[in-house]
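Chain order of the listed sequences is B and F. Take the working numbering: the final residue in the first sequence is number 165, and no numbers are missing along the way. Take the working numbering: the final residue in the second sequence is number 253, and no numbers are missing along the way.
Worth flagging that the hints you see were computed from the coordinates, not collected in a lab. All figures in this text were calculated on a predicted structure; none of them were measured in a lab. Please note: incorrect hints may appear among the correct ones.
[Said to hold, decoys possible] No more than 25 Å apart at the CA atoms, straight line, and that leaves these computed lysine-lysine pairs for DSS-like: (1) 32/B - 34/F; (2) 249/F - 101/B; (3) 34/F - 6/F; (4) 151/B - 32/B; (5) 76/B - 114/F; (6) 51/F - 34/F; (7) 45/F - 6/F; (8) 34/F - 150/B; (9) 45/F - 34/F; (10) 151/B - 101/B; (11) 249/F - 76/B; (12) 32/B - 112/F; (13) 150/B - 101/B; (14) 151/B - 45/F; (15) 34/F - 151/B; (16) 101/B - 32/B; (17) 76/B - 51/F; (18) 150/B - 45/F; (19) 51/F - 6/F.
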Amino acid sequence: MILLDVLMDGAFAAVAGVGFGIISDPPLRAFKHIAILAALGHALRFSLMHYAGVDIATGSFAASLLIGLGSLPLGKHSYCPMTVLYIPALLPMIPGMFAYKIVFSLIMFFHSMGDPVQYIQALLTNGIVAFTVIFNLAVGATIPIFLFSKKAYSLTRRNKQTISK
Amino acid sequence: MHNEVKEIATFIGEYATRLMGSGVHTSRVVRNTKRIGEALGITVKISTFQKTLILSLIDENYEEVYSQVVDIPAYPISFELNSELSSLSWQAIDDHLTLDELWIRYNEIIAKPKMHPLFVLVMASFANASFCALFEGDWWARGIVFSATMIGLFAKQRMQAHHLNHYVIFIVSAFLASIVASTAFTFDTTAEIALATSVLYLIPGVPLINGVIDIVEGHVLNGFARLTHALLLVICISIGLSLTLALIKNNLL
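Just chain F, with the same shape it has in the complex (with noise of 0.2 Å):
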């Protein structure tokens, strides 16, 4: 029996800690994780921070509880993988699916191949010079916006690639931007709309929102520490753009 419920551990262990860590927010992991346990006949009592989780598995007969900590990794945010596992852990109830069976569904998922890095650039370079008619800046100004946001979000790729720390990341992406878009001042448009919006492609738009609905549905601990972390991913866009508001003051006053 130990070894069972072991091994279902290390499924749930590995399932929750993927979902945490592609930015699904907590009650829908805690109710993800605690399905599936409940699929393979054991419960499951879960215990969530920013970086680790804490999962205690009790069998049906109360028996054996088994205990384990696991670290959460930094996954790239995917709604596609919060849908699809969502979707599993109701197959896993509906079909009776057993745990060999599910670490084969699971892996599937998770092998999917992501949207192709030149598609994302150019339709959020769309995204935002859309942003910038909706601030209402001229055609000028969103053509400069699309321009500064590929150039913008290229860098912030290669340099993701290439495993940089994210604040430098975000530093460097909201200062190329923002330089990029500053040469609006040379001409007869709305300059300052234009180097407003070139920065916003980088605002954590879903750790900001997971944080606060964590917050109003009781996990407020996680929900601080979500807000915590995009409320530094700001700052860091805040300090790319005012390099290059130092640089260009002049302009602006």
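Isolated chain B, as found in the complex (with noise of 0.2 Å):
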């Protein structure tokens, strides 16, 4: 049961990153690349806070980096940035949830001014949340970037064997 629920949130997470990645316009065959991360990445956090019982910041950060260290391969396979396939991927990660209670705890704020002191605490909880994840889910697929910089600049490189200079 395990195994299913972790296989369907990896394919829910490989839809909702090629269907958000496809707003951007990515090249045609990056789309097996994206949803293959999108796919690792999710499971992987799932599996992180529903089984070892790891927070969703360290979760992100973690599962960001499986995804960035992952494009630097299939980038080089597809000829395509890192970026190309990390962002879509990093996609379906986005703490939405976190980002509509900010909004509705502002909204309730401004209709109990006279007892404020739940929807502050509920605005501060979900805000640093949402900052946080978003900040880590950046950082952790950069971090290749810096690791592996030579590799990683020259993904789109197609034939460098042709002409010696």
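Please dock the two separately framed chains into a single complex, following the hints provided.
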């Protein structure tokens, strides 16, 4: 049952990653790589959070690190810069529910100025989580660019052996 | 000599602004542009802002310096251009392309047809429905989110085709999607998840992530400019969503 849950989570993340990615017009050859990365990343975060008791910030960081590392060989394979693969793959992990709760608690805050404490609390909690998760996602996936910068910068180079200078 | 540098500057200005406008993070724009300059025997110094670029081109013998400021138009985000134009900069070095050949290949790349809007519409709707599933919405909620995304995104595409102000576009699309999703409250389903997810197809994920990348890579000003832009769009989404919430808030309490 655990395996099925993880697989389902990965499958939904793959659809979400590719579908949201399409809005940003990726090359056709990158679709399957985006799907793989999105599924792996989200399934890792899901497993860490549900079965290992890891919090969402750390889980997101680990998942985005995996996506960033994976986009290096896959980018080499499809001649795409790493960001072209990993930005769409990160999108399913954007903390949407927290963002919604920020807006909701902001509205409720103005509706209950007499006793706003619980909504300020909700605002802060959700705000901190949303900000930290987005920051961790972007930084985690970018770290492999720093570590392997030479490789990462020449992924779109198709025929380096052709003419020697 | 002067004319030659000037012609190269025209190409490099066009190339760099196209990359910046299509949502490529700053360090890649700088790297690609310098690489093209190197292939043409020119040293390129580049300074980037959100709306303009400053370019200085220096010829091999340091005899001439040509500088120009180029405006960055607002193009739609395109990862396809990101990949292909990066590839072009390597071709310039590896295949020793001349300026004319570069222009030809460049024009071929930017003339490639974009993804069909209907295809985008359907795929994005499936994506948002899957997103709803990831937040543990049930099948009813997923179906409602699917239709809400379709209506909201269709409206967005039509408004973009008519070049409306993009803040207005985001507010209206968020309102439309969330008002459709609010029908979930009449069913016995995870209505709040449906409502929350319905507007998420609008989240400007690319500038958000690019902004953080720019900051950690040291292009701090550009990064904050991108994040500010993304934040304004997120505020627009919240305005659209809060209009819906204000209409239906009695159901939520």
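Hints not upheld, ascending by number: Failing hints, ascending: 1, 10, 11, 13, 16 and 17.
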